[in-house]
Amino acid sequence: MYIYDEFDRTLVAERVAEFRDQVGRRISGELTEDEFKPLRLMNGVYLQLHAYMLRIAIPYGTLSSRQLRMLAHVGRRYDRNYGHFTTRQNIQFNWIKLEDLPDAMADLASAGLHGMQTSGNCVRNITTDQWSGVAPDEIEDARIWAELLRQHTTLHPEFSFLPRKFKIAVTAAAQDRAAVKVHDIGLRLHRNGAGETGFEVLVGGGLGRTPFIAKSIRPFLPKRDVLSYVEAILRVYNQFARRDNLYKSRIKILVHDLGAEAFAREVEAEWQHIKDGPLALDPAVVAEIAARFRYPEYARLDDDPPELTQLRKADRRFDAWLCNAVTNHKVPGYAIVTLSLKPEGGAPGDATSDQMDAIADLADRYSFGEIRVGHDQNLAFPHVAQRDLPELWRALDAVGVATPNVGLVSDIIACPGLDYCSLANARAIPVAQELTRRFRDLDLARDLGRLHINISGCINACGHHHVGHIGILGVEKNGEEFYQITLAGRADERAELGTLLGPAVPYAKVADVVEEVVAAYVELRERPNETFIETVKRIGVEPFKERVYATH
Amino acid sequence: MPLIKNGRVVADRYVHVLDDAPPPDGIPVIIPAARFLADAAEILHHDASVGVAWPNDRRVAELAPYLDRLALVALVFPTFKDGRAYSQARLLRERYGFRGELRATGQILRDQFMFLVRAGFDVLDVAKPGDVDAFPSALKRYTVFYQAAGEGRTSAARLRLARSSVPITRGPEFATSSELGASLAGRVSR
Ligand code: SF4
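Chains as they are written, first to last, in the numbering used here: chain A, 1 to 552; chain B, 1 to 190.
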C-alpha cells in the first residue's frame with residue numbers, strides 16, 4: 001500500500017473545498033454550464049446521456065479495503081448501488097447528482113480518493129501493471145515510479161491545459177500487463193547490458209480514430225532522469241502539437257507528423273537544458289516514496305500446501321478456478337488471485353456496493369487488506385496464502401466473482417457505450433452480455449484458450465477494440481447500430497492493431513458473427529494449443545472472412 | 001480589463017502600439033512581436049519602457065537576446081484551454097532568466113490564477129472584472145504542491161525530506177509554500 005501523509009491529505013482536502021465552491025457557483029447560476037465544464041472536467045465529473053458521471057482515480061490500481069468500502073458507500077449513498085471499473089484503473093459512478101457531488105468527493109477524500117487526473121486535458125491517472133510489487137517476472141515495483149510521476153504531474157502549473165488528455169503507463173515486468181505501447185508515453189523498466197535498471201521510453205501510442213503503436217525514442221533512460229525526460233516530452237508536446245483540430249491534437253499525431261526521430265531530437269534538446277536541474281531525482285526522494293509503499297509481513301510458507309492439492313483432486317470446479325484465476329507470486333506459499341467482474345450476463349467491470357463491501361472484508365481476511373484493479377476490468381487480491389485458497393474460493397464464489405473465465409473468451413472488455421455515454425454510436429454492454437451467454441460453457445472457453453474480446457461504442461476506442469484479439473467497434477449506419485470486427489490485435493509487449501474482417505454487421509448479427517469466427521478458429525487451428533491470434537497470424541483473416549460472410 | 005499586479009488592481013502604464021504607428025515619446029509601449037524583431041535596435045532606443053506582445057506559437061528563444069532590455073513580455077491565452085503560454089512563461093523565467101513584468105493576456109479566468117502565478121506570471125490581465133475579487137482566495141486555495149515550478153515554491157518531496165531531516169543534496173533553496181502563500185495573500189488589497 002501507498003501510505004498518504006499530511007501533504008497528500010491536505011492537497012486532496014483543498015481540492016474538495018475548491019470543487020465545493022465551484023459547484024456552488026454553478027448551482028447559483030454564477031457559472032454557466034459552459035464555464036463549469038472545464039472545472040468539473042478537472043475533477044472527473046462528466047455530463048453523460050442521463051446524468052453526471054463521477055470518475056475516481058485508483059492510482060496504479062492499488063486500493064485498501066478501507067478505500068473499497070468507501071467506494072461501496074459512495075455507490076450506495078449517492079448512486080444506484082454500484083460502480084463501474086474502467087480500463088484505466090478508475091471507477092465511475094454513473095448516476096450522481098450535481099448537488100451531491102461535493103459531499104461524495106469529501107467522503108472519498110476522507111479515504112484518500114479523488115477525481116484529479118481522471119478527465120480534462122491534463123496528465124491522466126498514471127497506470128501500471130496491476131500485479132506490481134508481487135509479480136514474479138518484474139524487476140522492481142513499477143508503482144514507485146508511477147507515484148513519483150503522479151505527484152509530479154498533479155495540478156502541474158505548466159501541463160494542466162495540454163492540447164488533449166495525456167496518458168502514461170509504466171511496466172517493470174517481462175510481460176506487459178499495462179499496455180504501455182498504446183499510451184501517450186509508455187515507460188518500460190528493464191535492465192541494460194551493464195546490469196543497471198532504467199527506462200525504455202516509448203511515445204505516441206494510442207487508439208481512437210487514428211490508432212498508433214508507440215515508437216521507442218530512448219532505449220535506456222537512467223532512473224534519475226525520468227521526471228526531467230517526461231517534462232521535456234510534455235513541454236515539446238504542449239508547445240508544438242496541433243490545437244486546431246480535436247482529432248489531431250494527441251501526441252501520436254505530432255510524433256507521426258514530425259517523425260519519431262525528429263520528435264526525439266526536440267525532446268533531447270529540451271532535456272539537455274533541464275536534466276541536471278531540480279527535476280534530477282535525488283535518491284533520497286525516491287527512497288522516501290518507496291518507503292511509503294508498505295508490503296505485508298509474509299509468513300514463511302511452502303508452495304502447493306496439501307489442502308490445496310487435495311481439493312484440486314476432489315473438486316473439479318475448484319481446480320478449474322485455480323488454474324484460471326490464480327497466478328504465481330514472488331513469495332513462496334503465496335498467490336495472486338484475480339476476481340472476475342465478468343459473470344455471465346453481467347456488464348463488464350461492474351460491481352455492486354454489497355459486492356465491494358464483501359470483497360473488502362475478504363481482502364482483510366485473506367489479502368492483507370489490499371485489492372488491485374486491472375486494465376482488464378477485473379479485481380485482484382495480491383497477497384493470498386495458498387493454503388487459504390479453498391476457503392477464499394468458496395467466499396468469492398458466494399459473492400459472484402469466482403467465474404473461472406479470466407483471460408478467456410467471456411472475459412470481455414467493454415466501454416459503457418450507448419447505455420451511458422453521450423458520444424456513443426452503438427451499445428457495447430448488451431453486446432458483451434449476449435456474448436457471455438453464448439460462451440457460457442466454461443469447458444469450451446477453456447478449450448479456446450486465451451481470447452480477448454474488446455468492445456467500444458464508438459471510434460474513441462475506450463474499450464480498446466483495436467488491440468482486442470477480437471475487436472468490436474460500434475458505428476452508426478443510417479441511424480442504426482452496426483459493428484466492425486477486427487481480428488488479432490494485441491496490447492501486450494508485442495502490441496499490434498487488429499485487421500478488419502470485412503463490412504460492418506448489424507446489432508442483431510454481431511454475436512452470431514463472433515461465434516462464427518470462434519468456430520472457424522477451432523477448425524483452422526493447427527493444434528489444440530495454437531492460440532487464436534497465432535492462428536490468425538499464420539493464415540490471415542481471409543479464411544475467417546470467407547466463412548463469416550458466406551453464412552451471413 | 002483590470003490588471004492585477006502583486007495582488008493589487010493597477011492601471012496599465014503601457015500603450016499598445018500598432019504595427020506602423022511610431023512609439024509615443026516618454027510613454028511605455030507594448031510592441032507586437034513581428035514588428036519588434038524587424039526593428040529591435042531602433043525600438044529599444046525608445047525613451048520609456050519597452051514591452052513585447054509575443055504570440056503563443058513562436059519560440060521564445062527568439063526573444064532571448066533582447067530580454068535584458070525589455071521591461072515586459074505579454075503572453076497570450078487565446079482561450080483558457082490553450083496552455084502553450086504556460087510553457088513560454090516558464091522558459092522565460094527559468095531558462096532565460098527574465099525578471100521583468102510577465103503579463104498574462106487573453107481569456108484569463110479566476111480558475112487559472114493559481115496556475116499562472118505558479119508558472120511565473122506576475123501580472124494578470126483579467127477577462128472578467130468580477131473575477132478580480134477571487135484573486136486572494138484563488139491563491140490561498142492550495143497550500144501544498146507536489147512540484148516546484150517558476151514561482152519558487154518548494155515541492156512536497158523536498159518538504160518531506162526537510163521534515164524528516166534527511167539531508168537535501170540537490171535543488172534550489174526556496175521559501176516553504178505556506179510562507180509564500182501567506183505573503184502573496186497578504187499583498188492583496190485594492
Ligand atoms: S468508446 Fe465511445 S462510446 Fe465508448 S465510452 Fe468511449 S467515447 Fe463513449
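Hints are supplied without guarantee of correctness; some may be wrong.
As the list claims (entries may be wrong) - These stretches of chain A come out as covered by chain B in the derived footprint (C-beta under 8 Å, 3 or more residues):
| hint | region |
| --- | --- |
| 1 | 156-165 |
| 2 | 228-240 |
Claimed, not checked - The calculated DSSO-like cross-link candidates involving lysine-lysine, where the alpha carbons are at most 27 Å apart (straight line), are:
| hint | chain 1 | residue 1 | chain 2 | residue 2 |
| --- | --- | --- | --- | --- |
| 3 | A | K313 | A | K248 |
| 4 | A | K165 | A | K330 |
| 5 | A | K37 | B | K140 |
| 6 | A | K248 | A | K477 |
| 7 | A | K37 | A | K215 |
| 8 | A | K545 | A | K509 |
| 9 | B | K81 | A | K248 |
| 10 | A | K165 | B | K5 |
| 11 | A | K248 | A | K223 |
| 12 | B | K81 | A | K37 |
| 13 | A | K545 | A | K215 |
| 14 | A | K37 | A | K97 |
| 15 | A | K37 | B | K128 |
| 16 | B | K128 | B | K140 |
| 17 | A | K545 | A | K477 |
What the hints assert, rightly or not - Partner residues are not named here, just some residues of chain A that face chain B (Cβ under 7 Å, in silico):
| hint | residue |
| --- | --- |
| 18 | T10 |
| 19 | L11 |
| 20 | E14 |
| 21 | Q151 |
| 22 | R243 |
| 23 | D244 |
| 24 | Y247 |
| 25 | S249 |
Hints were generated in silico from the structure; no laboratory data involved. Glycine included, every Cβ here is placed at the ideal spot set by N, Cα and C.
With a cut-off of 27 Å on the C-alpha distance, tell me whether K248 of chain A and K223 of chain A pass. Status violated; Cα separation ~31 Å.
Measure nothing beyond the straight line between the CA atoms of K313 of chain A and K248 of chain A; if it is 27 Å or shorter, mark the hint as holding. Since the Cα atoms of K313 of chain A and K248 of chain A sit roughly 57 Å apart, the hinted pair is violated (cutoff 27 Å).
Given the hint that K165 of chain A pairs with K5 of chain B, test it: the Cα-Cα distance must not exceed 27 Å. Violated, at roughly 32 Å.
Is the interface hint satisfied for S249 of chain A? The criterion is a beta-carbon contact with chain B at less than 7 Å. It is violated, given that the least Cβ distance between S249 of chain A and chain B is near 11 Å, above 7 Å.
Given hint D244 of chain A near chain B, where the shortest CB pair must fall under 7 Å: With Cβ-Cβ at 10 Å, over 7 Å, it is violated.
Has the given pair, K37 of chain A with K128 of chain B, been kept, meaning a C-alpha gap of at most 27 Å? Judged against 27 Å, a Cα distance of about 17 Å means the pair holds.
Verify the proposed pairing of K165 of chain A with K330 of chain A, using a straight-line Cα cut of 27 Å. Outside the cut-off at roughly 35 Å; violated.
Is the straight-line distance between the alpha-carbon of K248 of chain A and that of K477 of chain A 27 Å or less? Holds. K248 of chain A to K477 of chain A sits at ~24 Å (cutoff 27 Å).
For a C-alpha distance cap of 27 Å, please report whether K37 of chain A and K215 of chain A respect it. Violated. K37 of chain A to K215 of chain A sits at ~34 Å, over the 27 Å cutoff.
Supplied contact hint for Y247 of chain A, tested at 7 Å Cβ to chain B: This interface hint is violated because 16 Å lies over the 7 Å limit.
Does the interface hint hold: is Q151 of chain A within less than 7 Å of chain B, judged Cβ to Cβ? holds (4 Å)
Close enough to count: is the Cβ of R243 of chain A nearer than 7 Å to one in chain B? holds (6 Å)
In summary, the numbered hints that this structure violates are 3, 4, 7, 10, 11, 13, 23, 24, 25.
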